[in-house]
Amino acid sequence: MYSTGSSFSTSLAIGDLNNDNRLDISVVNNDINSISILLGYDEGFPNLTTYSTGSLPNFVAVGDFNNDARLDMVITNQYEKTVSVFLGYGDGSFANQMTYPTGTSPYSVAVADLNNDTRLDIVVANKDDQEIGVLLGYGNGSFANQIPYSTVSSTNQIPYYNGSQPYFVAVADFNNDNRLDIVVVNKGDNNVGIFLGYGNGSFARQTTYSTGSEPYSVAVGDFNNDARMDIVVTNSNSSSISVLLGYGNGSFENQMTYFTGSMPCSVAVGDFNNDTRLDIVVVNQLSRNVGILLGYGNGLFANQVTLMTNLYSQYVAVGDFNNDSRLDIVVTYRYDDIVGVFLGYGNGSFARQITYSTDSEPYTAAVGDFNNDTLLDIVVTNFGSNDVDILLHYNRGTLINKGAFSSSDGSHIRSIVTTDFNNDSLVDLVIANYGTNNILLLNGNGDGTFDRNMLFPIGLDSHPYAIVIDDFNNDAELDITVVNHGTNNVDIFLGDGMGRFAHQTNYGDSFDSPPFIVATGDLNNDGRSEIIVAYNDTDNVHIYVPYDTSSFWNQKTYRTGFDPYSITVGDFNNDFLLDIVVVNRNDNNLGVFLKYANGTFATQMTYSTGAAPYSVAVGDFNNDSRLDMVVANRNDNNLGIFLGYGNGNFTTQMTYPTNSFPGLISWPCSVAVGDFNNDTRLDIVVANSAANNIGILLGYGNGSFANQTSYSSSYSPQSVLVGDFNNDICLDIVVVNFDSDSIGVFLGYCNGGFDDPITYLTDRFSYLLSLAIGDFDNDTRMDIVVANNGYNNIGVLLGYGNGSFAKQITYSIGFRPISLAVGDFNKDNQLDIIVICSNDINVRIFLGHGNGSFTNQVTYSIGFLPMSIVIGDFNRDTRLDIAVTSSDSNNVHVLLGRVNIVFVKKMMLNTSLGSRPRSFVIGHFNNDDRLDIAIANSGTDNIGIFLGNENFYFTNQTMYETGSTSRPYSLAAGDFNNDTHVDIVVANYDSSTVGIFLGYVNLVCIVN
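Those letters in the sequence shown? Residues 20 to 1027, by this note's numbering.
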């Protein structure tokens, strides 16, 4: 049991807080407004088991000698001229030794498959016979008699020779022929000998390379990243190591020498600073330290950095003993009867050593997982007591109290969650402060400590109660959802993967009562997780789905001319960025705003028009791949054509009359373009409000147009658009008539001519001002939406695909709509409607359901009175943005679109009368790749399973009893018996028991 210092610890979370691959715990202390951090730590190797060997065991190596997937070990017995083989049982224990004769004074040993038969063999250095011996393995744990190879140089075959003295051996492929070779340290000859292997267990005569004085130990590795094996040797009498870089053909460069401490007697290699370059560790016996030489990856090494031991070290080995993906070091201390473990930090530095007692005179060590628990263990040869010690890694989940982190006075923390919010591979914390109505984000430092990062206010009396973490907007980044007990709703913070969060505007559904528990999961496999909520006093749970309502931000304002009346967009300088053109009605000009690559717009360039320009449209009128413009000059009764140069500049306007003869008032007020006669040349349609007609100007494809042909409409046509309303591949025209409260549809003949209008009456005094078109019900038929200025609503007319339309369906706004546009603002592949109104400082969005219906309006304040609106992706983030003109301030305002996620109630799951659900767990309980829900029903003493199907359909619950008066309170899930089926564990509050339900196929059974 571990104390937190609190009498009211209400919540906990589990994660690797100090990045050591061990789980830690953070605990909420509600009464003292703090969290406690309990770090999991490695207890190391507290227990040992001893096995007797032969006399004077020097060296140990490990390998699987009988191919049973369990590690075995081999020990050299110097006095008895044998090696001992101990076969492992896989549980940390070993069979009695089997001994095999060697030469005189076997000192060190290595294991490898020397004859390519997939069976491990043994090579031993027989120090006093001046030879190495090879014992070929049979693969059943037994070995053939040794085959000796002389280590005496051919020039030294003389009586009473006192050279060679082979002390250490190692194995590697030095000539890249896929056959293992042997390197031996000849202490008496001050060299290393290379025996190139033939791949059949036999070897060529040795080739020698000079070292320093009295070489003792050897290790191999690729020090210069050339895919060729190199050698490092300790020179015990010259206080140095020698590095010999390999050529890859079995030969080596001359040694490079690096000074160490006094009497370096053992060496090993590994990547101690996680830079993918091999480093060297050496034990300096008489200097009583350990030296680390970090490699540069080119065969060179930095000067050694020492770790003080104050003991006479004998041998070093390397392994990751605490499973933190950082290499550690184990050192034997012969004269102190201990081994020391230095845990690595992964940057080339190490923690202070932890020591463990052994038997007498520990000489060498080897590492391996002897009990198949995925943790490295240590075996040590004890020269003085003629035995080996097995130190099994101990891992029982011990914790150490790191201390407490204060939130703030009165915070009354209720929930804590751990995860990595900023993708730095370090665990962070997010905390719900119930009393101060906010959440606190703490960035992890990777050592169990945290930095205060951001405090997010939730709202007055919101009382955040629980936090869930998941991806709610399908951007592969973690988001935060806060469940508020005081306001019965949720707040969402969308993460960007860098530790920053955007607080979403809450337009979602409220909870029926204060939420008690919450869980999250992607129940419909759409990449966005839903939340599941239960309440303290109800017998059901609700599922809420994430919904993007879209929002706008980062408003930028650009000065226009006087009375900007109409607006549209186009790429006028062919830079693939959308530009803006505004009609400045009282300045009698057009203002063109070119977009910069940095997201801003240039100051407007103006082009003179006729009197009182009302409307502008764009298109390529002369087929030169450059956008042109057409403007309706109301008071001059004409249209003006501006041909574009493709660089953002335009010609002066060319005009075309919209009246039948000079002096007749037509008042052109709206203009649109399309190819009405299918000649691949753009034509123009204009709504002439005073003449009560529309005019068609057919284009010649060179920027010029034929005289207008007019078609009578109803009274005062105000706005005109083009589309194919009867699916005949011929463009049609729709116009709204202000004074007659009607909509007129002109079906095209594909030759530039049109039928008489089909008229659809709206309510009297609706005063239609604007319209837009789109397919609102996904039936491939064009629909219409109109702004009913007189009735403060918009009307949607669904098309039948034959040029006729259903009666309008109206959606109330509350203000007089003057302009609208259509687009998919929340990226759900359904068309939405955006509206602006007179005397109203908001934009209003109606999100489409894709069936012709829309949500209630969502409003966003823009802070000014708008006049006209246009949509486009101005910052190329695939989300629609808006540009709005303001006639009272003579500006155009650009607002960028962004995601805004809310939760909407989708369905209710009934858990039966009196059930009082207390906990959820979500998983694939019937292995169908659709998430299911398990619920602890505390009031009815059972757990309920709701199996998920497509489209949020869940089966009725299947109940499994937990025992009379058990009161199940908490659930968790996992595969407890390794059968690939999800099992469930339940904590029963009243009976003080834990119940296990083992899953099988698509059912669940209880285990008593």
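Mixed in with the good hints, there may be bad ones.
Said to hold, decoys possible - Listed below are the simulated EDC-like cross-link pairs for lysine to aspartate or glutamate, each with C-alpha atoms no more than 20 Å apart in a straight line:
| hint | residue 1 | residue 2 |
| --- | --- | --- |
| 1 | Lys846 | Asp782 |
| 2 | Lys924 | Asp545 |
| 3 | Lys826 | Asp859 |
| 4 | Lys846 | Asp515 |
| 5 | Lys826 | Asp760 |
| 6 | Lys575 | Asp859 |
| 7 | Lys575 | Asp896 |
| 8 | Lys846 | Asp490 |
No lab work stands behind these hints, which were simulated from the structure alone.
Results for each hint:
{"no.": "1", "hint": "Lys846 x Asp782", "result": "violated (33 Å)"}
{"no.": "2", "hint": "Lys924 x Asp545", "result": "holds (17 Å)"}
{"no.": "3", "hint": "Lys826 x Asp859", "result": "violated (28 Å)"}
{"no.": "4", "hint": "Lys846 x Asp515", "result": "holds (18 Å)"}
{"no.": "5", "hint": "Lys826 x Asp760", "result": "holds (14 Å)"}
{"no.": "6", "hint": "Lys575 x Asp859", "result": "holds (19 Å)"}
{"no.": "7", "hint": "Lys575 x Asp896", "result": "holds (17 Å)"}
{"no.": "8", "hint": "Lys846 x Asp490", "result": "holds (16 Å)"}
When each numbered hint is compared with the structure, violations occur for hints 1 and 3.
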